[in-house]
Amino acid sequence: QKEVEQNSGPLSVPEGAIASLNCTYSDRGSQSFFWYRQYSGKSPELIMFIYSNGDKEDGRFTAQLNKASQYVSLLIRDSQPSDSATYLCAVNRGSQGNLIFGKGTKLSVKP
Amino acid sequence: DAGITQSPRHKVTETGTPVTLRCHQTENHRYMYWYRQDPGHGLRLIHYSYGVKDTDKGEVSDGYSVSRSKTEDFLLTLESATSSQTSVYFCATRPDGNYGYTFGSGTRLTVV
Chain A
1 QKEVEQNSGP
11 LSVPEGAIAS
21 LNCTYSDRGS
31 QSFFWYRQYS
41 GKSPELIMFI
51 YSNGDKEDGR
61 FTAQLNKASQ
71 YVSLLIRDSQ
81 PSDSATYLCA
91 VNRGSQGNLI
101 FGKGTKLSVK
111 P
Chain B
112 DAGITQSPRH
122 KVTETGTPVT
132 LRCHQTENHR
142 YMYWYRQDPG
152 HGLRLIHYSY
162 GVKDTDKGEV
172 SDGYSVSRSK
182 TEDFLLTLES
192 ATSSQTSVYF
202 CATRPDGNYG
212 YTFGSGTRLT
222 VV
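Chains A and B are the protein sequences, given in the same order. Per our numbering, residue 1 is the first one in the first sequence, and the count goes up by one each step. Per our numbering, residue 112 is the first one in the second sequence, and the count goes up by one each step.
All the pointers check out, no bait thrown in.
Straight-line alpha carbon distances no greater than 27 Å define the calculated DSSO-like cross-link-like pairs of lysine-lysine that follow:
#1 A:56 - A:67
#2 A:42 - B:168
#3 B:168 - A:2
Read the hints as simulated data drawn from the structure, not as lab findings.
Modelling step: build the complete structure from the supplied sequences, incorporating the hints.
Here it is as structure tokens:
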């Protein structure tokens, strides 16, 4: 099993809909979970992080964490064409806090 | 932004030549990282540093070395470039106590 798994997509949603992005991880010792957005040809940009079970909201974005199921998700409400990008899930590992990244899910928001 | 600058932005080099990529940060962060990103593989850690002269290997370190003689600079060297090292290389930093990375703009390296 890969350490961090994401559905590669593409995930296509209409403008204004909720986009749901999912991620599973294998290391039960992981404590910190991150979502990055990467536009084509650009560098990854941190958009959300979550440490505790439950939901964390920031504007149109909600991160959800379930450590028992080793599952992290990102919900994007009122999706906009500008949200079209690849979303990377990252999980910390080890005492130095190195991040292990999933391969990313490509999201396309159609006008 | 954490003030991270990578140089060069693009480079084409020949097989067998040494290549050095530079990452410069102005935030005084102790932690710095080098990742490569390839289609089908995502971001993979090459080397990281947790202080001046303190470095360690990541999951894909073969053929790469690093040096950190100053807090602000983290150099990645391909000792003898191979075509399999054609990739986009990202540097990242993070402050103590916060594991969220900030990435540089990347270096696109082509080995011919």
